[in-house]
Amino acid sequence: MFQRSLMVIALVCCLAGEGMAQKKDFWKSIVAYFDSSNVKGVDPAYITQPDKPWALVLNSNTGRTDLEVSSTMKLQTNKEDLTISLDIKPPVSSSIGLWAGYRGWGAGYSLSLSGNSGYNFDLNMVSTSYGINLSIKRFSFDKPKSSFTLSGADGSEIRSGMFDDKLVDKLLSSPMKIGTVMFDAYWIFNKKRFSLLAAYDQSTIQRRSAGSLIAGIMYYYQKLDYDSPKNFFFIEHGGNVGLMKVYQGSIGLGYTYNWVPARGLVVNAVAMPVLTIVNKVKSSRYEIEYPDDKDFNNQEDYFNAIKMTHTGDEMLNGGVRLNLDLRMSASYSVKDWYFGVTGQGRRYHSNNDNTTIKLTDWNVKAFIGRRI
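Position one of the sequence shown corresponds to residue 1 (my numbering), numbered consecutively onward.
To be clear, the hints were calculated from the coordinates, so they are not data collected in a lab.
These numbers come from a predicted model, not from an experiment.
Every residue gets a Cβ at the ideal spot worked out from N, C-alpha and C, and that includes glycine.
Certain hints may be false.
Said to hold, decoys possible - In silico DSBU-like cross-links for lysine-lysine, where the CA-CA straight-line distance does not exceed 30 Å:
id : residue 1 : residue 2
1  : K223      : K282
2  : K307      : K89
3  : K89       : K166
4  : K166      : K245
5  : K230      : K335
6  : K223      : K280
To be verified - Distance windows between CB atoms, simulated:
id : residue 1 : residue 2 : range
7  : I96       : P50       : 43 to 49 Å
8  : V92       : L316      : 29 to 35 Å
9  : M125      : M315      : 29 to 35 Å
10 : D51       : D87       : 50 to 56 Å
11 : G312      : D122      : 35 to 41 Å
12 : V320      : Y33       : 41 to 47 Å
13 : M315      : D142      : 36 to 42 Å
14 : P273      : H310      : 36 to 42 Å
15 : K89       : E314      : 27 to 33 Å
16 : G152      : E314      : 27 to 33 Å
Please construct the entire structure, taking both the sequences and the accompanying hints into account.
This is the structure in structure tokens:
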């Protein structure tokens with residue numbers, strides 16, 4: 001009995017030791033993958049990686065999404081066109097954050113400094129073969145700048161000007177709700193001599209100048225919602241549209257280049273023309289119902305009594321369109337320290353029958369990091 005107990009104890013110890021050894025082998029394989037994945041198959045004369053694998057990075061982000069909405073309608077004379085434009089420029093958003101990781105793999109946290117209302121999510125991933133950027137934004141806005149242009153039948157301008165801000169507050173008294181989803185991804189062809197990581201992640205080092213042909217895809221979704229009877233003026237003068245959803249899918253082919261003018265300095269540019277092959281706009285239309293103005297003593301009560309009814313949705317195809325995706329960065333490394341700046345700009349254009357939407361989104365990131 002004693003011998004059998006000893007055999008059981010010995011067997012348990014062996015299994016436990018084998019389990020611990022397997023765990024150690026598992027973690028060794030994970031670390032080995034992280035250590036080799038960024039430089040596997042590359043030309044060491046062009047690409048290497050830092051000796052110290054850990055990094056701690058302090059970064060800041062600044063950006064803004066601007067929106068231009070313009071609607072054109074025929075006046076009752078049928079000889080003149082009236083175009084009303086909204087220029088939506090929310091406050092610049094800014095944040096500061098801290099990131100920590102191993103060979104470019106890690107996590108971080110950012111704190112908003114601007115106090116903007118709404119929701120803002122950004123995800124950026126870079127590897128030897130691809131780069132991915134995802135941006136999701138939602139916010140409301142109630143103080144746009146508005147202008148008008150009156151044109152003749154021949155297109156010549158008769159009169160133009162800006163609407164008074166107080167008047168816009170009355171005619172657009174319910175906040176506009178805006179949401180966007182922007183996604184783009186690149187595929188790198190020359191990963192043997194070109195590293196996107198060296199430009200945007202600093203987990204590798206680009207020793208000599210090199211470039212690569214890239215292929216990419218882009219997806220863009222936007223929701224512009226101002227379907228409230230308090231916004232009757234802009235709904236009625238925008239083809240009775242109070243809600244628009246834009247869907248765009250694009251493919252592209254471009255080029256990216258890492259310029260290394262001095263040791264430790266890398267300047268990158270990505271330029272990719274994209275062809276929009278999916279370009280659809282879904283518009284929700286409404287009928288405005290005005291009350292009898294004789295029943296009200298003041299203008300505010302009259303505006304509050306205005307009603308509207310949803311009359312249906314319409315899906316239009318905007319056709320094939322050519323666009324451009326741009327991104328740039330500059331970084332400098334000295335000993336265990338590195339710092340730099342990256343920037344990306346996007347512009348999207350869509351329209352239905354008589355309403356045109358132009359969105360401009362930009363983001364600038366500055367960072368300083370130390371390898372550990």
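- request: Would you pick out the hints that fail for this structure and give their numbers low to high?
  value: 5, 7 and 13
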